[in-house]
Amino acid sequence: MSRAPVPTQPASRSTAAAVGALPSRLIATFSGPVGFALKIALLSIVNALSVWSLTTLASRDKWVPFIVLALATLAIDGIYLMRRAFPLKFLIPGTIFLLGFQVIPVLYTVEVAFTNYSTGHVLEKNEAITGIQGAALNQPENGRTYSMAPARDANGKLVLVLVDDEGGRAYVGTPDGLEPIPSSAIRRDADGAIVSAKGYRLLKGSELFGLDKQITALTIPTSGQKAIRAEGLDTAIELEPVLRYDRAHDQFVRIKDGVVFRDNDRGSFVSAGGQELEPGWKTGVGLKNFSRMIHNPLVRGPFLRVFVWTFVFASVVVLLSFSLGLFLAITLDKKGMGLQRLYRSLLVIPYAVPGFLSLLVWQGLLNDDFGVVNRGILHAHIPWLFDPNWAKVSVILVSLWLTFPYFFLVSLGALQSIPSELTEAAKVDGAGAWQLFRKVTLPLLLIAVAPLMIASFAFNFNNFNNIYLLTGGGPATDQPIAGSTDILISYTWKLAFAAGKGADYGLASAVAIVIFFIVAAISTIGFARTRVLENVA
Amino acid sequence: MLNKQMARVGTVLLAAVAVALLVLAPGAPAAHKAAAATTIRIWTDQDRKAAVDRVTSAWGNSKGVEVEVVVKPFGKIRDDLKTIQAGQAPDVVVAAHDWTGQLAADGLVVPIVPNKAVLKLVPKYARDAFSYGTGVARLYGMPTTLENVGLFVNTSLVKVPKTWAALEKSALAFKRKSADNLAIAVQQGAGGDAYHMYPFFSGLCGYVFGKTKGGSLSPSNIGLGNKAFLKNAPLIDKWNREGLITSKVDSSTAQNAFLKGQAAYWITGPWNIDTVRKAGVKFQIIQVPKIKCRAAPFLGVNGFMVTKFAASHGVESAAKDLVASYMAGANAQQDLAAANGRYPANVTAGKRITDPALRQIGRASTGGVPMPNIPQMGSVWDELGGAWVKSTKGSGATPARSAFATAAANIRKKIASG
Chain A
87 MSRAPVPTQP
97 ASRSTAAAVG
107 ALPSRLIATF
117 SGPVGFALKI
127 ALLSIVNALS
137 VWSLTTLASR
147 DKWVPFIVLA
157 LATLAIDGIY
167 LMRRAFPLKF
177 LIPGTIFLLG
187 FQVIPVLYTV
197 EVAFTNYSTG
207 HVLEKNEAIT
217 GIQGAALNQP
227 ENGRTYSMAP
237 ARDANGKLVL
247 VLVDDEGGRA
257 YVGTPDGLEP
267 IPSSAIRRDA
277 DGAIVSAKGY
287 RLLKGSELFG
297 LDKQITALTI
307 PTSGQKAIRA
317 EGLDTAIELE
327 PVLRYDRAHD
337 QFVRIKDGVV
347 FRDNDRGSFV
357 SAGGQELEPG
367 WKTGVGLKNF
377 SRMIHNPLVR
387 GPFLRVFVWT
397 FVFASVVVLL
407 SFSLGLFLAI
417 TLDKKGMGLQ
427 RLYRSLLVIP
437 YAVPGFLSLL
447 VWQGLLNDDF
457 GVVNRGILHA
467 HIPWLFDPNW
477 AKVSVILVSL
487 WLTFPYFFLV
497 SLGALQSIPS
507 ELTEAAKVDG
517 AGAWQLFRKV
527 TLPLLLIAVA
537 PLMIASFAFN
547 FNNFNNIYLL
557 TGGGPATDQP
567 IAGSTDILIS
577 YTWKLAFAAG
587 KGADYGLASA
597 VAIVIFFIVA
607 AISTIGFART
617 RVLENVA
Chain B
170 MLNKQMARVG
180 TVLLAAVAVA
190 LLVLAPGAPA
200 AHKAAAATTI
210 RIWTDQDRKA
220 AVDRVTSAWG
230 NSKGVEVEVV
240 VKPFGKIRDD
250 LKTIQAGQAP
260 DVVVAAHDWT
270 GQLAADGLVV
280 PIVPNKAVLK
290 LVPKYARDAF
300 SYGTGVARLY
310 GMPTTLENVG
320 LFVNTSLVKV
330 PKTWAALEKS
340 ALAFKRKSAD
350 NLAIAVQQGA
360 GGDAYHMYPF
370 FSGLCGYVFG
380 KTKGGSLSPS
390 NIGLGNKAFL
400 KNAPLIDKWN
410 REGLITSKVD
420 SSTAQNAFLK
430 GQAAYWITGP
440 WNIDTVRKAG
450 VKFQIIQVPK
460 IKCRAAPFLG
470 VNGFMVTKFA
480 ASHGVESAAK
490 DLVASYMAGA
500 NAQQDLAAAN
510 GRYPANVTAG
520 KRITDPALRQ
530 IGRASTGGVP
540 MPNIPQMGSV
550 WDELGGAWVK
560 STKGSGATPA
570 RSAFATAAAN
580 IRKKIASG
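The listed protein sequences derive, respectively, from chains A and B.
In this text, residue positions in the first sequence follow the working numbering: the first is 87, and each later residue adds one.
In this text, residue positions in the second sequence follow the working numbering: the first is 170, and each later residue adds one.
Not one of these hints is a red herring.
EDC-like cross-link-like pairs, simulated, lysine to aspartate or glutamate; straight-line CA separation at most 16 Å:
#	chain 1	residue 1	chain 2	residue 2
1	B	Lys346	B	Glu411
2	B	Lys285	A	Asp277
3	B	Lys285	A	Asp320
Since the hints were derived computationally from the structure, they do not count as laboratory data.
None of these values were measured; they are calculated from a predicted model.
With the rest of the complex left out, here is chain A (with noise of 0.2 Å):
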């Protein structure tokens, strides 16, 4: 689970000056001729990897992986060794992550937002072709079906002998046809295998399995258009194509009937009727996704009830948060307190335990007959889960317990930031404790924080987590889809993944570059607010 970014100021000075002398030691030590050692031995290793996967790639012919393992082993070798190189050092694996983790995951994104990639539309077009018609033959009625050896006959030629499982007779199959021969030819096993067959070398091993692909690809001609092929190793069956794909207009053709079915752009051949081949082949559909979610009354019906949940949710437990991690901070810095380790320990522990983990505890505890909170503390009958409104309290309650330490550390840091003379200059002026708060401790406090509040908001707009594991979305409106606690992420997900036909990737990677904008505005307005914040300080 992902989290908030941690807190940059350290809790505590002293602490702070501590932890530091040890790593200068360290770098004193290992900038010697000991650290040089250790870097020659290590670049040493990663380069003896590198040229052994150099040379698997080159005999498996991946040229592009090729080129780029040898040039990224070439600049790891250079950038450590040249001293010119030595900022790149710090440079380059920040890079590499950014890219990594951020842009290649964007781009992909919007690529997939453009296109109709979902189930269905998961292969190129010619791989969609020869799916459908693999998928296309049908069994006769009365069609045979024949125990089959592949062999070779007198000239080398690649034959299947046959056995019909019903009537036992026996025939050598070609690309010409059936030609029955004695059934006194042939052996066969007690399971019915055959065994072999006179005049013909039955394949077996190595050379049986290295002429898979001209194995299943022979089509034995029986009538009309009916022909027997083989099955696995020792099974052969008459099918029949229901469709014929007719290359020079790129179209298919039902035989039965001549219904013709066309291209239709959008990834699929199609009838006049409206009935659709599968599979079908991911393609490029322009804005069809984004218009999707503007005329589809699926998305734009509970879209404003959910964006504005959305954003209370956000908001409340971002402010209730900060309120709480404060309003401890503050009563846990009193110099002389006793046990005040402990108690900053304790309050971190939420923060500690893996959010899902919490969450399904969660869950346990609120339900409203069986959990601790109704039956054990409360002695009332709160429907926690299972009232729309119930459920929205919960969900931003559990948000807030796992949210608070997390202002509460930022907090405790950012408090002892503040320059005891200000504080104290603001006494001697007679400032009381209220406005001393509020005057002088807040602003200094926000300048910190308020960043990492729109960090945080950013972060629950999206807390896909928090909702889907602890209601689910819901519990259910009458609407279809979206449920009371849905905020957009998981309604999306719900959207994309649970309606419709199977996944959708494309309606869903455009719906997420919506709600990328939306955060994105609202952080650019908190942020433009947090420097007019800046200035009055």
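Could you slot chain B onto chain A? The hints should help.
Just chain B, lined up with the frame of chain A:
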């Protein structure tokens, strides 16, 4: 100065190591090439790995094929097939039958045609679970193991009921004995659980998708609001008033209640047989008795599929031999079923099951309905589960007729949006 000198030394050192490895390295890739032609790669989940290893290596040894078993989380098997590079792609996968529609529509798996001997051994309903096609229905997987829920009865608390009326009476009588007791423990929770509730749904003559003339499931024929079911739906309101079932019960509540003797009836599947045994509860498993229609459970069928990659890897005939013929055999299925405590699809292997609980759960599957395998099923789960939650949440519950009619309308809208 010192550093420059050392850098030169270091470079020489690096070069030496590199050259040494260059000489040693080619051994590995060469070995790989020789093996490539006759290796079949299988994706399985961790639970089945040991059994798949054993069964497939027996096949591989007899055919002279090398089998490489790769472990993936179960759901990942379905999802990763879409994105895997052809070079690393599997030829055969372990699969759940309800993936069939999605994978076939994607074109990632290929149809198989078993021979007649196999057809006799693997019953039609299990094969139907793996059949899919909008025009022609084809078989996309070989069923190996079955799973379904049944009614677990604590025989030291109650007698095994023969009729629905007897079950209802005894469950309610047991519930009245203590405030902590549940009548029938069946898991729902706020999110709902259409799978565990299915016996009640089918018992009131509900169905999810009707069939076309050709026998395949029709996404436009939705049975949630069918007349017979709506006529019977007020029984749900009665059950809700009586407290026979309540959506407040989630999986852990249901399990705890049954194991602690606070529920005499529990609807669950073979995955909990060991748990119940360990708790020392004396139990018997039956199908929920007929309510208005047969209270058949959902069937989950697991099996093996051949992927489209087998053809490009040049192992299609071998892969089909493994899946369509060998995996159908009684010995292979017995092994697979035993390793996971499930009932085998092969009837001969089924007769060899000696575990009484497993035999009982097998019998409880009679007339079971395979979970619909068309991709549109994704639009159903939440709505069907949600209708049960709304109509069985105790006070303030929505009348069942309206809850299920709304769900049916929503499912129609969701499917139309695709």
